[in-house]
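Q: Start from the sequences, fold in the hints, and give me the full structure.
Number of protein chains: 2
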Amino acid sequence: MAPVKNGQVILNEVPKAGIIPGQTTVYREENLDIDATPLNGGFLVKTLTFSIDPVIFGRMKGPPPFGYTLGGPINNLGGGRVLRSEHPSFKVGDLVTGMMNFEEYVVVPAAQASMFETVDSSISLSARMGAAGLSGKTAYYGWKAYAPPSSKGNVCFVSSGAGAVGSIVIQLAKRDGYKVIASAGTDEKVSTMKDLGADVAFNYKTTATKDVLAKEGLINVYWDNVGGATLEAAIDAAAPRAHFIECGMLSGYLGESYHIKNLFMTIPKEVQLHGFIAVGWMEENWGREFRETMPKLIASGEIKYKEELIKGLDKAAEAVTAQLEGKNVGKPVLIVADE
Amino acid sequence: MAPVKNGQVILNEVPKAGIIPGQTTVYREENLDIDATPLNGGFLVKTLTFSIDPVIFGRMKGPPPFGYTLGGPINNLGGGRVLRSEHPSFKVGDLVTGMMNFEEYVVVPAAQASMFETVDSSISLSARMGAAGLSGKTAYYGWKAYAPPSSKGNVCFVSSGAGAVGSIVIQLAKRDGYKVIASAGTDEKVSTMKDLGADVAFNYKTTATKDVLAKEGLINVYWDNVGGATLEAAIDAAAPRAHFIECGMLSGYLGESYHIKNLFMTIPKEVQLHGFIAVGWMEENWGREFRETMPKLIASGEIKYKEELIKGLDKAAEAVTAQLEGKNVGKPVLIVADE
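Protein sequences, first through last, are from chains H and L. Numbering of the first sequence is given in UniProt numbering, commencing with residue 1 and proceeding in unit increments. Numbering of the second sequence is given in UniProt numbering, commencing with residue 1 and proceeding in unit increments.
Any given hint might turn out to be false.
Since the list gives no way to pick out one identical chain from another, each pair is judged satisfied if it fits inside one copy or across any two copies.
Claimed, not checked - Taking lysine to aspartate or glutamate and the EDC-like style, the derived pairs with C-alpha atoms no more than 20 Å apart in a straight line are: (1) 61 to 270; (2) 61 to 236; (3) 261 to 232; (4) 327 to 187; (5) 194 to 211; (6) 61 to 232; (7) 46 to 94; (8) 46 to 86; (9) 144 to 283; (10) 311 to 339; (11) 304 to 195; (12) 296 to 283; (13) 5 to 35; (14) 315 to 325.
Source of the hints: derived by calculation from the structure; they are not laboratory data. Note that the coordinates shown come from a computational prediction; the quantities given were computed from them, not determined experimentally.
A: Below is the structure:
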């Protein structure tokens with residue numbers, strides 16, 4: 001068979017403020033002979049989908065190993081269909097998910113095969129990018145690691161509560177008996193957060209966060225997706241010995257950050273800030289539980305999710321930027337091919 | 001007996017930047033008939049000494065219950081001799097320590113008696129204000145709660161390492177097998193920190209903290225007494241999953257605070273910031289162990305301490321200010337009377 005076009009997204013330049021498609025990242029096409037390209041004991045995947053996460057932007061800025069290699073393809077959680085395989089654990093036709101380079105066809109080396117898993121079709125592949133994927137894991141692992149079991153009256157505040165991670169956090173907090181306060185930047189998102197079970201949902205662009213927190217009581221857990229002024233308001237409203245689960249600081253990703261002024265108050269209030277990323281030790285502790293639990297909760301409808309599908313690998317940079325700008329409701333998922 | 005003079009230190013005005021003796025705090029004298037003043041089941045203490053701690057300044061600024069009441073006496077850990085008692089647990093002549101108003105004679109109500117303890121003279125009363133007192137407890141509790149047991153090669157960085165708390169932390173970290181890096185603001189303090197066992201000790205005014213940390217390796221534990229730019233440098237030098245024990249932010253107590261710009265990096269590095277004060281749950285968990293352990297280690301010389309004695313209750317405000325300005329080496333202790 002003649003070589004096919006293999007589109008790729010390359011990190012061409014470390015971003016200063018935002019991503020400039022065609023400059024920060026470049027979409028290019030190469031030819032690949034998918035029947036002949038050597039597998040060396042690995043397998044070849046036709047990419048169907050990628051998870052879009054804020055961490056992609058963070059990794060464009062940092063040096064390896066956390067950051068991407070300049071001049072190489074960016075990568076993130078993806079999913080696809082096995083086209084060829086020399087690996088005993090993966091058969092032609094399997095649906096798989098794992099950390100994949102942003103390419104239309106990905107050769108997974110044998111040494112990386114253990115990082116992939118085969119998945120069934122009880123839930124959609126796009127759900128496996130979001131609620132059952134990196135976003136769901138981030139919510140689940142962070143919550144398991146750092147949210148204390150609720151006692152009656154405990155309050156959890158979630159920022160960016162209509163986002164891919166925040167929307168799952170709202171539901172985990174409600175399942176654990178918390179009163180949940182959730183914020184986002186549009187009225188449509190406020191409505192989504194209420195549907196997900198938030199007791200108090202507000203638009204921080206039209207209602208001051210500090211006023212809501214002052215009224216709704218001291219917070220025992222703050223799930224922080226945004227940092228900046230919202231984090232500052234949360235410290236002011238923190239109950240003694242509150243846990244702040246530091247998942248992201250979206251507010252500072254684009255342009256100038258706001259540097260909080262009341263970090264000192266974490267001392268007399270005995271607040272703990274837990275920075276985390278859903279990898280390594282967290283995967284070891286809760287990965288199996290997550291895989292056994294979350295897809296079932298999603299399939300049964302007990303955990304709800306929203307997603308926004310973006311078509312085309314060449315739209316990857318725009319999709320990441322739209323998420324950073326808070327333009328999507330729910331989980332952005334890039335669709336590379338339908339099958 | 002005729003009434004005696006009873007000096008007191010009153011919070012007269014909430015400080016804006018620093019303490020202005022005679023304005024922020026006022027030293028005044030009242031008369032007290034020490035033979036006749038009613039005890040109502042409590043006891044009367046002749047004050048001998050007070051612990052001087054940065055928290056005194058913090059409490060001048062905050063509202064009750066953390067802060068002091070405007071117009072009332074300030075208080076902190078003190079020690080003295082029981083002159084009269086109606087309480088079964090305290091006899092005339094006992095040496096006692098506890099949270100005491102800054103007065104030459106203190107009537108301890110029956111309801112507060114359980115917060116006091118009688119002490120022996122195996123170590124000096126001033127040592128019970130410092131290494132065996134609030135400073136020692138702060139170091140001991142914070143270390144027990146948040147420093148992971150060391151594995152070979154673990155590194156601990158202590159700022160303000162010649163101070164009352166930092167000097168104990170250096171020794172606890174060494175006892176647990178850490179490599180210890182310690183910073184302070186004078187060469188005399190650097191020499192003290194080396195005597196206490198610090199592997200690397202430096203003067204942050206003449207050597208850049210970031211250069212030392214870059215050279216001496218990623219830090220697994222940061223004991224933070226100062227906040228600000230030093231905290232920022234420590235985040236840059238943090239090992240993955242480092243623990244930051246947030247004990248104080250001295251650098252911001254006087255005048256303008258420096259607001260750190262890299263708080264975001266606590267997320268990819270999975271750094272945890274543990275704000276704490278040595279009260280309540282910490283006292284419950286480690287108070288008994290501390291009382292059984294620390295005075296013996298001090299008496300035997302296994303834990304060393306330095307102290308600076310300041311004479312006169314009317315010098316309380318100056319003593320707090322000198323500590324905030326970093327003027328003392330070791331623990332400042334106010335001597336109210338010799339016996």
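Q: Compare the structure with each hint and give your call.
A: Taking the hints in turn, this is what the structure says about them:
1. 61 to 270: Classified as between; 17 Å across copies, 32 Å inside a copy.
2. 61 to 236: Classified as between; 15 Å across copies, 31 Å inside a copy.
3. 261 to 232: both (7 Å within a copy, 14 Å between copies)
4. 327 to 187: Within one copy only: 12 Å inside, 55 Å across.
5. 194 to 211: So residue 194 and residue 211 pass the 20 Å test inside one copy only (19 Å; across, 50 Å).
6. 61 to 232: This pair counts as between: shortest inter-copy Cα distance 19 Å, intra-copy 25 Å.
7. 46 to 94: within (11 Å within a copy, 82 Å between copies)
8. 46 to 86: Cα proximity of residue 46 and residue 86: one copy only (15 Å, versus 85 Å across).
9. 144 to 283: Within one copy, since 11 Å is at most 20 Å while 27 Å is not.
10. 311 to 339: For residue 311 and residue 339, the Cα distance is within 20 Å only inside one copy (13 Å; across copies 83 Å).
11. 304 to 195: within (9 Å within a copy, 61 Å between copies)
12. 296 to 283: within (19 Å within a copy, 44 Å between copies)
13. 5 to 35: Within. Shortest intra-copy distance 13 Å satisfies the 20 Å Cα cut-off; inter-copy 99 Å does not.
14. 315 to 325: within (15 Å within a copy, 56 Å between copies)
In terms of the numbered hints stated before, the structure departs from none.
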